[in-house]
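Student: Going left to right, the sequence shown walks through residues 1 to 71 as the numbering used here numbers them.
Calculated directly from the structure, the hints in this document are not laboratory data.
Every residue, glycine too, gets a C-beta built ideally from N, C-alpha and C.
Treat the hints with care, as some may be off.
[What the hints assert, rightly or not] Here are the simulated distance ranges between beta carbons:
#: 1; residue 1: 46; residue 2: 8; range: 29 to 37 Å
#: 2; residue 1: 17; residue 2: 55; range: 19 to 27 Å
#: 3; residue 1: 13; residue 2: 59; range: 27 to 35 Å
#: 4; residue 1: 48; residue 2: 8; range: 16 to 24 Å
#: 5; residue 1: 47; residue 2: 8; range: 30 to 38 Å
#: 6; residue 1: 17; residue 2: 59; range: 29 to 37 Å
#: 7; residue 1: 11; residue 2: 43; range: 18 to 26 Å
#: 8; residue 1: 59; residue 2: 37; range: 13 to 21 Å
#: 9; residue 1: 8; residue 2: 45; range: 14 to 22 Å
#: 10; residue 1: 59; residue 2: 28; range: 16 to 24 Å
#: 11; residue 1: 17; residue 2: 60; range: 26 to 34 Å
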Amino acid sequence: MCTCLSAGLVVVDIAAADDDTAFAFHALLVVRWATTSVERTNRDAGQSGVRLRCFLDLCQFQTGPVGTELL
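Put together the whole structure using the sequences plus the hints.
Tutor: Have a look at this one:
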């Protein structure tokens with residue numbers, strides 16, 4: 001789920017089966033946009049899986065090394 005805070009700023013809530021999957025998805029976002037760092041996931045009592053929240057700036061597009069393609 002993405003929620004716009006203001007022009008270009010987005011809150012991203014990631015729901016995943018495990019920590020590795022949540023951090024892997026966040027890593028894909030980092031390659032493309034300026035994002036906040038994340039250190040841990042959250043678990044909801046009685047629910048399977050984990051949640052991870054980060055913030056990204058769609059106005060700060062990250063460019064990869066020459067010759068690489070981003071998603």
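Student: Next, verify each hint and record whether it holds.
Tutor: These are the hints, each one checked on the structure:
1. Residue 46 and residue 8 have their C-beta atoms about 36 Å apart, which keeps the hinted 29 to 37 Å range intact.
2. For the hinted restraint 19 to 27 Å between residue 17 and residue 55, the CB-CB distance of approximately 23 Å keeps it satisfied.
3. Between residue 13 and residue 59 the Cβ separation comes to about 20 Å, which falls outside the hinted range of 27 to 35 Å.
4. Checked against the given bound of 16 to 24 Å, the beta carbons of residue 48 and residue 8, roughly 33 Å apart, lie outside it.
5. For residue 47 and residue 8, the hinted distance range of 30 to 38 Å is satisfied, since their beta carbons lie about 31 Å from each other.
6. For the pair residue 17 and residue 59, the beta carbons lie near 31 Å from each other, so the given range of 29 to 37 Å is met.
7. In this structure the supplied range 18 to 26 Å holds for residue 11 paired with residue 43, their Cβ-Cβ distance being about 19 Å.
8. Taking 13 to 21 Å as the suggested C-beta distance range, the pair residue 59 and residue 37 conforms, at roughly 18 Å.
9. Checked against the hint of 14 to 22 Å, the C-beta distance between residue 8 and residue 45 comes to roughly 35 Å, which is inconsistent with it.
10. Separated by about 19 Å at the C-beta atoms, residue 59 and residue 28 satisfy the suggested range of 16 to 24 Å.
11. In this structure the supplied range 26 to 34 Å holds for residue 17 paired with residue 60, their Cβ-Cβ distance being about 30 Å.
In this structure, the hints that do not hold are numbers 3, 4, 9, in rising order.
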